[in-house]
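Q: Make the complex out of the two chains shown on their own, each in a separate frame, by following the hints.
Residue numbers (our numbering), protein chains in the order written: chain A, 1 to 349; chain B, 350 to 645.
Derived from the structure by calculation, the hints contain no laboratory data. Values in this document were obtained by computation on a predicted structure and should not be read as measured data. Some hints could be false.
Simulated coverage check for chain B against chain A, where a stretch passes if three residues somewhere in it have a Cβ under 8 Å from a Cβ of chain A [what the hints assert, rightly or not]: (1) 431 to 437; (2) 568 to 579.
Cross-link-like lysine to aspartate or glutamate pairs, in silico, DMTMM-like; alpha carbons within 20 Å at most [to be verified]: (3) A:K151 / A:D89; (4) B:K458 / A:D89; (5) A:K151 / A:D287; (6) A:K151 / A:E84; (7) B:K458 / A:D287; (8) B:K458 / B:E562.
Just so it is clear, CB atoms sit at the ideal spot from N, CA and C, and this is done for glycine as well.
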Amino acid sequence: MRVADKLVQFVPPALLVVAVAFLGTFASRANEIYFRTALVDVAIVVGLYLFVGNSGVLSFGHISFVAVGAFGAGLMSVSSELKENVLPDLFPLLAHHSIGNVPSLLLAAGLGGAFAFLVGLPLMRLSGLAAGIATFAVLGITHNVLFNYTKIGPGATALTSIPETTGLMQAMGGALIAIGVAWLYQLSRFGRLLRATREDPAAAQAVGVSIHRQRLWAFTLSGAVCGFAGGLFVHELGTITTEDVYLDLTFLTLAMLVVGGAESLLGAVVGAVLISGLDSFLTTAEDGVHILGFKLDVKDGTHLVVLGALMAFVLVLRPSGITGGRELGLPRIGRRSVQQAGATSRGTP
Amino acid sequence: MVQTLINAVGLGSIYALMAVGIGLVFGVLRLVNFAYGQLIMAGAYAIALGSEHGWPEWASVLACFGVVIGLSLAMELTLFRPLRQASPATMLVATFAVAFLLQSIALLKFGSLVKSATIFPKLFDPVSHGRFETVRWITIVAIACAVVALLALTLMLDRTSIGLHMRAAASDFQTARILGVNANRVITLAVLLSGVLAATVSVILVVQNPFIEPRFALRDTIIVLVGVVVGGIDRLWTATLGGFAIGVASSVLTDQLSSQRSVYVDSFVFGLVILVLLLRPEGLFAPFRTRPVERA
Numbered sequence: 001m002r003v004a005d006k007l008v009q010f011v012p013p014a015l016l017v018v019a020v021a022f023l024g025t026f027a028s029r030a031n032e033i034y035f036r037t038a039l040v041d042v043a044i045v046v047g048l049y050l051f052v053g054n055s056g057v058l059s060f061g062h063i064s065f066v067a068v069g070a071f072g073a074g075l076m077s078v079s080s081e082l083k084e085n086v087l088p089d090l091f092p093l094l095a096h097h098s099i100g101n102v103p104s105l106l107l108a109a110g111l112g113g114a115f116a117f118l119v120g121l122p123l124m125r126l127s128g129l130a131a132g133i134a135t136f137a138v139l140g141i142t143h144n145v146l147f148n149y150t151k152i153g154p155g156a157t158a159l160t161s162i163p164e165t166t167g168l169m170q171a172m173g174g175a176l177i178a179i180g181v182a183w184l185y186q187l188s189r190f191g192r193l194l195r196a197t198r199e200d201p202a203a204a205q206a207v208g209v210s211i212h213r214q215r216l217w218a219f220t221l222s223g224a225v226c227g228f229a230g231g232l233f234v235h236e237l238g239t240i241t242t243e244d245v246y247l248d249l250t251f252l253t254l255a256m257l258v259v260g261g262a263e264s265l266l267g268a269v270v271g272a273v274l275i276s277g278l279d280s281f282l283t284t285a286e287d288g289v290h291i292l293g294f295k296l297d298v299k300d301g302t303h304l305v306v307l308g309a310l311m312a313f314v315l316v317l318r319p320s321g322i323t324g325g326r327e328l329g330l331p332r333i334g335r336r337s338v339q340q341a342g343a344t345s346r347g348t349p
Numbered sequence: 350m351v352q353t354l355i356n357a358v359g360l361g362s363i364y365a366l367m368a369v370g371i372g373l374v375f376g377v378l379r380l381v382n383f384a385y386g387q388l389i390m391a392g393a394y395a396i397a398l399g400s401e402h403g404w405p406e407w408a409s410v411l412a413c414f415g416v417v418i419g420l421s422l423a424m425e426l427t428l429f430r431p432l433r434q435a436s437p438a439t440m441l442v443a444t445f446a447v448a449f450l451l452q453s454i455a456l457l458k459f460g461s462l463v464k465s466a467t468i469f470p471k472l473f474d475p476v477s478h479g480r481f482e483t484v485r486w487i488t489i490v491a492i493a494c495a496v497v498a499l500l501a502l503t504l505m506l507d508r509t510s511i512g513l514h515m516r517a518a519a520s521d522f523q524t525a526r527i528l529g530v531n532a533n534r535v536i537t538l539a540v541l542l543s544g545v546l547a548a549t550v551s552v553i554l555v556v557q558n559p560f561i562e563p564r565f566a567l568r569d570t571i572i573v574l575v576g577v578v579v580g581g582i583d584r585l586w587t588a589t590l591g592g593f594a595i596g597v598a599s600s601v602l603t604d605q606l607s608s609q610r611s612v613y614v615d616s617f618v619f620g621l622v623i624l625v626l627l628l629r630p631e632g633l634f635a636p637f638r639t640r641p642v643e644r645a
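Bound-form chain B, shown alone (with noise of 0.2 Å):
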């Protein structure tokens, strides 16, 4: 039981880690970056490829930061910049498009079969071979990554002035660049920050399954955009709380539920996910008040 919960809290950890760091840019953009699980794809194959040639572990953990992040700061200046005034549907099938696109030269260069990583061996070890067989470090690392990443972001956004300024922008863009908010700093600021999330998440999920193909990360980052916006895309602290749940539910689920019955997870997971948002569709975590009209 106890295992289970903290295997619960791991994934919920890692999956709270993705989800900051696409609501870190939806506050500033608007946009779903349908993407997201493509830059982690991209920074496990750079450990890989590191592991491949025999680099030691923190230039392979480098390598894999700077992958993600130039990959992000390229997406946003060729991307997220032109588009910044179209349409939500428009921004979000440009990030299908360069998921695909991701996904495509990955398939390209590295074929489809599955590519093992060595990173870290140590942490996939039981914490202990007595009660907690079933715990492994890398659980007990990801949670803490997760708390200490939260907690530095939420000193960041609260104490600093950039810090200020993001949140500014997140509630009410027009407003924030009038009062003489930097966008594009803020906005800059946002991508890279997300794409650091995105390189640790990158990092540990890597220790958790070693074997990397093109759809690395991909089923991951679906169930965290479902689980972002069922918890409140519109509130940082909501999303990430969302991306915290969807993992502990559907841990829990694929522990909880008869091998016969697993199978179904998704099925359970989703089923939730739509009775959530009919009961709470402005979202799970989101404060209570009514809202004026619906907008499309």
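Bound conformation, chain A alone (with noise of 0.2 Å):
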């Protein structure tokens, strides 16, 4: 592969990316939230790309590693006087620590990547509904687990005062980070490995690929990236309940990868960036909008409405995503080529 060829996997979402921080900065300070929330998504969507996309096998518990890393994250940084006053059940090394922005986001990294290596590992030997519908399973565990059990978390209220650290350039270096590593992985000889299993698991186990493995080493970074993500999403929201990472999310954010296209990068970048901007541009559309000279006014809760009509619209007329799960690539001199979805630059190989 040739270092354009690999670099243009990367540059289109991360610029995409920047493009959406970039915007930001021009946005008012009420409006900057719905900017910051794009670029957290991304990161989650990234994630769960990273797993999803490469193996071809849909995980609904990967909300639960943004769970942990959020959780985690945010427990870890309200500071140990508040803990103590607001949740007594705590377990004491939990109540009387508490560590700043970037060790806590390194933390939460740490615990969602821990949480799905130690879930995979049996967990990976399953493929197809049975995989989706186990780690659904991990999901309904992890929520019924932090809603009720007190000594680990706040349990069914919120968890406040966390440290808004997640500003918009932080919410881009997070999510730039995360397309890195899904990027550095699917470049990889184990993300090579891990896409054979996918188009053909009889094929690549009879060279002797271990599907176990490859799978397991995926599902494990992934949480690794979700949960860093959950690290910023709690940063960005600082207050959280357990249903903010619950079914609506999990939904929201399998339905952005799948929308964008679930096999490549650029898929699940574009697929977050587009859903997240229209569930933000129709929610501010119920406070009114002009729309060249019209007045849009619509009932509140429209916003949901509109954006299933609309995520179902495009699955029908595009069942593979928006961008056909496909990179975008250069165009190639004197070969035809096989995965070619739209090039768009006529620059030299």
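A: Take a look at the structure:
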């Protein structure tokens, strides 16, 4: 693979992220949150893509890694005096320590990765629907335990007063890190082996690829990225409940991935930016916006209806996602390219 | 003990009905319909509106069946049909989108507050005031409904030619088409039947829990979907048994765990699910045989 070919998998998604952050700097303070949300969504969806896109196995469990990262980072960044007052049941280790911004993000990534590894160890033997349902069961257990076990978290109440350190720049940096990790992974030997198992499990096994081991690698790495994204998520909101990281987020992020095109990094980023942006736009439209001189004034709650309808509509039109699950490619001179979606640049090879 | 068992079988029956509805569509379309719960929710709102406007009970029930079946067929025409060749992930996410859409419409139209519906209130009474205090008539009705529906379905699948077509389509859709099975007819019938079942479940659930909100039946649907896969989604009867088993298991667990632990009932159920999936990935009730290669 030529260097240009490798870079072209990284640059468009990264540019998209930078563009979103750049646009965000022009937004008013009230609207800036939408841009940060979009960037955090990108980080989560890229984490999800790292496993789902490369392995072809659908996972409903990745939000549990986001949840673990979010609660880990959130809980450890709240000052210990506050924790002793608000959350008296916590284990002493959790109650008496608190850490800064960057360590909490690293902790989130570590927690997500470790949890994913432990879960993946048995579960990665499964495939197809069984794998989907088993990962969903993991999400159910994570939510159930976080909701009820007050020694490790806030339980049914909201965890508040978390430092809101995920500004526009940090959100952009976080999204870029996630994209970078996913890019390096998909170029690596491991990424290619895993994609081989996606295309033809039998043939991959026949040449000596261990499906279980490759899936476990990807699952762990994507768990770490999702945990990290969870850290960004909690520092963006400043407050979190277990419901924030449960079914709705699971469906929304999966929809972003599939609408964008599950089998490419570009698809993951495009889907996240597009749906997140659309959601934000429609939400603001509920307060009334002016488009081309018309005042668009819609009832509260309409944005969800439009979002659902649009997602279904896009899938009917383009079942393999907006990008068709392909990266952008450079035009090739002299040989026919098989995997070329829409070559945009006419640069020299 | 006997009461626990009857209640468990009651919940199992409701879940079995839902499992059949999901399994029928999966059989012919290879599509896990996540929006099934929202169909039930829509039916429940139909009943709630009926009782709000003081309609007679039969009219409310009729409205419920009309709404649910209409929505099922609309879903098949606008979504399942164009996506018939798409990947399973796309189809699943498309049903997410529909589920999301229906739920948002309910939220927009009726708000997040509960709406109460009164229908067949007599059925909610206990069977007797002596020994069977916690067993309600509706539980008996649910069990009876499940038995009747399953018998009718079995007869249809076994004894009629359209049933034969459906079984053929479920076991190998391409070959069945080549042999002259009308795909659209078979799929429409499966969707229709699954809608009828959803409407039935809707009525039963509303009698049991007359407080309707946009998330009505969502948790039940998720548990049934899990149960269907655990039982073995490839065959209708294993899927049904899976739904039944997970209903019985969650009902017994809720009853037997002490109140302090009962908040963790979901964890226990899901833990069991993972265990079963690891031991029998092709389904708990699937016949034993070796699978050649894994299919992703």
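Q: Against each hint, give a clear statement of whether it holds in the structure.
A: For each hint, the structure was consulted:
1. 431 to 437: holds (count 6)
2. 568 to 579: With 5 residues close enough to chain A, the hint holds.
3. A:K151 / A:D89: holds, 5 Å
4. B:K458 / A:D89: Roughly 41 Å separates the two Cα atoms, so the pair is violated.
5. A:K151 / A:D287: violated, 41 Å
6. A:K151 / A:E84: holds, 12 Å
7. B:K458 / A:D287: OK: K458 of chain B and D287 of chain A at ~18 Å, within 20 Å.
8. B:K458 / B:E562: This hinted pair holds, its Cα atoms lying about 11 Å apart.
The earlier numbered hints that this structure contradicts are 4, 5.
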